Structure formats: C-alpha cells, structure tokens
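Could you put together the complete structure from these sequences and hints?
Quick note on numbering: UniProt numbering labels position 243 of the sequence shown as 243, and the sequence is numbered without any gaps.
In short, the hints are calculated from the structure, not lab data. In this text the structure is predicted, and so the values were computed from the model without any measurement. Everything hinted at is true.
Below, simulated DSS-like cross-link-like pairs (lysine-lysine); rule was C-alpha separation at most 30 Å, straight line:
#1 Lys221 / Lys247
#2 Lys151 / Lys139
#3 Lys88 / Lys76
#4 Lys284 / Lys274
#5 Lys191 / Lys105
#6 Lys198 / Lys221
#7 Lys218 / Lys105
#8 Lys224 / Lys196
#9 Lys218 / Lys240
#10 Lys239 / Lys165
#11 Lys143 / Lys3
#12 Lys186 / Lys198
#13 Lys221 / Lys196
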Amino acid sequence: MQKIRKAVIPVAGFGTRFLPVTKAQPKEMLPIVDKPAIQYTVEACVASGITDIIIVTSGNKRAVEDHFDRSPELEKWLEKSGKTKLLKELRQIPRLANFIYIRQKGGYGNGTPVLNAEPLIGNEPFAVFWGDEFILSQKPWVKQLIETYEKYQDPVLSIIQVAKKETERFGIIDGVKVEKNVYQIKGIKEKPGPKKAKSNLALFGGYILTPEIFKILKKTKPGKGGELWLADAIDTLLKKRSVYGKKVEGDVYDAGTIAGWLKANVELALTHPKLNGEFRKYLKNLKL
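Below, the structure written as structure tokens:
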C-alpha cells in the first residue's frame, strides 16, 4: 500500500473577498492570531506523515515562499537580541516539510492547480488542501482522512455539515452512510444552493485522491462560472470507482471569507497562551 507523502496546496487565487488587503498579499497569508492561515494546514499535514508540500502559486504570492523559507537577517537580529525561544520557533518553520513551488498555468478554477502538479505527483495517491480552510482537532484532521483512505483504498473527501442556506457556498455531496462519519458518495454538485442541494454535507478542507484524477481533469469541461472545478472531475471519477466522504471531527475554520476569518481569530485568540486571558477580558467588557 502506497503511503500519502505529498500534498498539493493551491494559493493562486485573487482573494477578491478580502480586497484591497489581498491586492499585494495572498489571503492564505492573512494571520490567524500569530500564524498565517496556510500554516495551520501545513502543520496538520506534517503531523499526519506528509513530507512534501507542493504549493501552486501565482505572480503575487511571493510572501508564501518567503514565509516557509529561512530569514537569515531576522534570525541574526533575534539571536543578537536574546530572543532564543522566538528564534527557535522561526527556524522550525522551513524545516516542517520539503516545500516545492510551481506557478499555475491554465484557466481559472481549483482543478487547474491540481492538474499543474501532475508531474510532481507521478503514479501515487496524494492529498489536496486549501490554504484558507482548516480544522483543529485532537487527532489531526488530515490523519483522519488518511486513515479512511488506508481502510477503503479509495479517494476520500473531507466533509462537514452546513446549514441549508450555506449550500450555495460549497460543493455538496449526495451519499449513503456506510459507517459512523463515513459516506459513500453517489454524486457531487458544486454550489447548488438550498433548492438543488441533495444534502447539507459540504466538501471542506481537502481530499485524498488517486492519480487517475489527472486524466479525468484533462477531459473535464469548464463548469460553474466557466471555471475548471475539481469537484466536477471527482463527480466523474465516482462513476468509475468508489469515493468516500469523511465527516471530520474537530473545530472548523473557514478563513476564506471575512466573517470566517474574524471568527477564527476570535476563537483562537481566546485560548492562545500568549494573550493570557487579556483578549477574553476585553471581549467581556465590550457593551455588545
């Protein structure tokens, strides 16, 4: 059985919901307290045994590469200033994994960056995660997906339960429950909306995929909004083999919207050791 060693994280989008702040800075680098959103996903990957992180970028995403690289000048200043704990923390970031960067080529849609990563994946199963969606749990959410893949030996999609009105924001599955928190998927509809949604189980966070997805992506026509959607390719894939959805256990954070990003910051700030309850006290004193 081949192990999941590689993860693809696309970060080539425009981040239009966050403009103008994302004009020169990728949304995946917006901070959740004191770490960029993408780092939470990278850390979950590493904690789950993934060694290679393939980041698909565009022209304005240099900040992502800089973050996961060494910063000799900053490190020298921290060492000189005696900030050894912070220095150790920063030096650990580039050591998290083997980071590989490629530029996105092709049309719009989240299927394009996955297709771009094909030469680096080869003939092995791999993961795809989004840099602005993550889940925090006692057992890393990425590991929950990998364990489900290892059990069934078929592609596994991370799913969460959403309100009916939110079905217009996510890919929604039609599936049959096969065990606790695991569904065999029968169909996927990208952002169907409340009237057309077959369930309230939404694709969120990422997938464990097998390499035949590349051949399908190449034949997939642009879908909603004229974009190439990975969900559309997976919908074709599940007609050829079993595909499962794993309802991941943990706290869900969608930092891809302004409201979701704010919620993530508030919730994680309330438990952050560096704040020592200061933020919690501030919130209690607000006259809301």
